[in-house]
Amino acid sequence: MALKIIESCVNCWACEPLCPSGAIHEAKPHFLIDAKKCTECEGDHADPQCASICPIEGAILDGLGVPLNPPGSLTGIPPERLQAAMAEIRAR
Amino acid sequence: MLELKVINDNPAPSKKGGCSAGSCGSNDEQMSHLPEHIREKVYNHPCYSEQAHHYFARMHVAVAPACNIQCHYCNRKYDCANESRPGVVSELLTPDQAVKKVMAVAANIPQMTVLGIAGPGDPLANPERTFDTFRQLTEKAPDIKLCVSTNGLSLPECVDELVKHNIDHVTITINCVDPDVGAKIYPWIFWNNKRIHGRKGAAILIEQQQKGLEMLTARGVLVKVNSVLIPGVNDEHLKEVSKVVKAKGAFLHNVMPLIAEAEHGTFYGVMGQRSPNKAELQALQDACEGDMNMMRHCRQCRADAVGLLGEDRGSEFTLDKIETMEIDYAEAMKKRAVVHAAIAEELNAQAARPAQKNDIPAHYRPVLMAVATSGGGVINQHFGHAKEFLVYEASPAGVRFIGHRKTDLYCSGGDTCGDADTALQTSIRALEGCEAVLCSKIGYSPWGELEAAGIQPNGEHAMEPIEDAVMAVYKEMIAAGKLDEAPALYGAGNAA
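Line order of the protein sequences matches chains A and B. For what it's worth, the working numbering labels the leading residue of the first sequence as 1, then goes sequentially. For what it's worth, the working numbering labels the leading residue of the second sequence as 1001, then goes sequentially.
Calculated from the structure, these hints are not laboratory results. Treat the hints loosely; a few may be bogus.
Think about it this way: if two alpha-carbon atoms lie no more than 27 Å apart in a straight line, the pair counts; the simulated DSS-like pairs of lysine-lysine are [as the list claims (entries may be wrong)]:
1) B:Lys1140 x B:Lys1164
2) A:Lys28 x B:Lys1321
3) B:Lys1239 x B:Lys1200
4) B:Lys1184 x B:Lys1248
5) B:Lys1140 x B:Lys1321
6) B:Lys1278 x B:Lys1239
7) B:Lys1194 x A:Lys36
8) B:Lys1211 x B:Lys1248
9) B:Lys1278 x B:Lys1211
10) A:Lys37 x B:Lys1194
11) A:Lys4 x B:Lys1194
12) B:Lys1243 x B:Lys1200
Note that the structure is predicted; figures quoted are calculated from it, not measured.
Using the sequences plus the hints, can you model the full thing?
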């Protein structure tokens, strides 16, 4: 199994130096995880390091495609509140 | 070392509305009270000296993208050229690109004396990029002062490295010293390979910040503490923060207003946390002032800002533009030295001028006045060209700097980004609480609208030193009987 970085990544570099397997590399338009190298940090750390420092909800998925940091888990903003705020801004 | 504390060891009881010498935002008055070795360190640093910020420029290079904590006022979205606030940048630079940019700016803006690394993440969470930049600059541009701004989490482990690179100014953002308050500001930190949420994370952060502060002051590094004023969260608590950091040897405390808009996508913005109004900010700065040197001239600049505080010339130095610039730094250093010497001479001449004695009866109330200046400590800007105004308070005790008011706020996105006010309406609203505005020139139409809003325009003091002109206008107001009866416009609750 391997983790995956998707397009919501903001290229902040926080994860890259933490990866014990050297599986993360800079790429355009966003950073990528080499699925062959990724161990999900098993044997090195209790928690996957990239997903533990990533500031963007939903940017890192597990092997099943489930976000490790689901909406609301990092910012504390309830997802429905965020949607309402975005709808209000679009309506201006 | 501990000598830093002498600045304010015997704070004079602060007369309301007066300038308690030695604690009013590091102005001329205060500068002359500083021990020589500290004066030497701050006289040309625009972010540490109110006086210096009229003359000297600074720049930030955005080499540090990663962060190790989350703050409720921050969102890791970059690249909005219209926004000016901490943490926002347009172009992330490698250390090599940053060094080239710094040298290009130094050669073209000789009054640029300070290079800071302030993000867009946390510089000390990117130690390799941050220290590589410092290492190269120490070698290639020895006439530039280096400084860094940090959330403090990794500070203790970086102190030795900072001292090695001769970094003698460090800013730590400290919003609280109580983990219960911290839990409302910091949702998580990354610490020892784990994401730690809530109060527990905040407690570790606070401990690291305080430890880092103590280690730096013990090594003689000048420390400025930045705090974000968040109404209902840490407003009262910041008085305690000010006392604590002063006791540990911090040199200057900079309380900044929270910036929170829903469109920034931050927790506070989306959840409707309000920002403080100008009166609340000033009241808190005044309350902390008895204990601590307060900074009031901060412009909350971007992590890639270039120029005098309040201006941003970053667009003149984008990567593609600096690629084509040929820089002879040895030659530039000569030119810079001449410019720096001329400014130092001007500052010395000002310091040598005897303080003017005001024979104004003490019963006259203080008055706020706005000033349009493009630098140099004089009134030299056209009203309509001012992107911001400096606000001074005149009172029988003298003139003191209060803060600045932006006319284009932190977003210049125009109609698409909010209310479509006219520029003049925006300026008038920004000047709320001020009773006069001093500028080099002003058009006929704004003159009338300002007067109608109770703000007297004044173009009579063009090219005069700001503080002399403000005092002169105050005396004119007294002579004209304007302060005999009229109630102060400036007081609790009227500033939005």
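So, going through the hints one by one against the coordinates:
Restraint check for B:Lys1140 and B:Lys1164: satisfied, since their Cα atoms lie roughly 16 Å apart, inside the 27 Å limit. Under the criterion of a C-alpha separation no larger than 27 Å, the hint pairing A:Lys28 with B:Lys1321 is consistent with the structure, at around 23 Å. For the suggested pair B:Lys1239 and B:Lys1200, the alpha carbons sit about 23 Å apart, so the restraint of at most 27 Å is met. Among the hinted pairs, B:Lys1184 with B:Lys1248 is consistent with the structure: their alpha-carbon atoms are about 24 Å apart, no more than 27 Å.
Our distance criterion of 27 Å between C-alpha atoms is met by B:Lys1140 and B:Lys1321, whose separation comes to about 20 Å. For the hint pairing B:Lys1278 with B:Lys1239, the CA-to-CA distance comes to about 17 Å; that is within 27 Å, so the pair holds. Our distance criterion of 27 Å between C-alpha atoms is met by B:Lys1194 and A:Lys36, whose separation comes to about 24 Å. Restraint check: the Cα-Cα separation between B:Lys1211 and B:Lys1248 comes to about 10 Å, which is no more than 27 Å; the hinted pair holds.
As the CA atoms of B:Lys1278 and B:Lys1211 are separated by approximately 32 Å, the hinted pair breaks the 27 Å bound. Distance hint between A:Lys37 and B:Lys1194 is fulfilled; the C-alpha atoms sit about 21 Å from each other, no more than 27 Å. Pair hint A:Lys4 plus B:Lys1194 holds up; C-alpha atoms about 19 Å apart against a cutoff of 27 Å. Between B:Lys1243 and B:Lys1200 the alpha-carbon distance is near 24 Å, which keeps this suggested pair within the 27 Å criterion.
Checked against the numbered hints given earlier, the structure breaks only hint 9 and satisfies all the rest.
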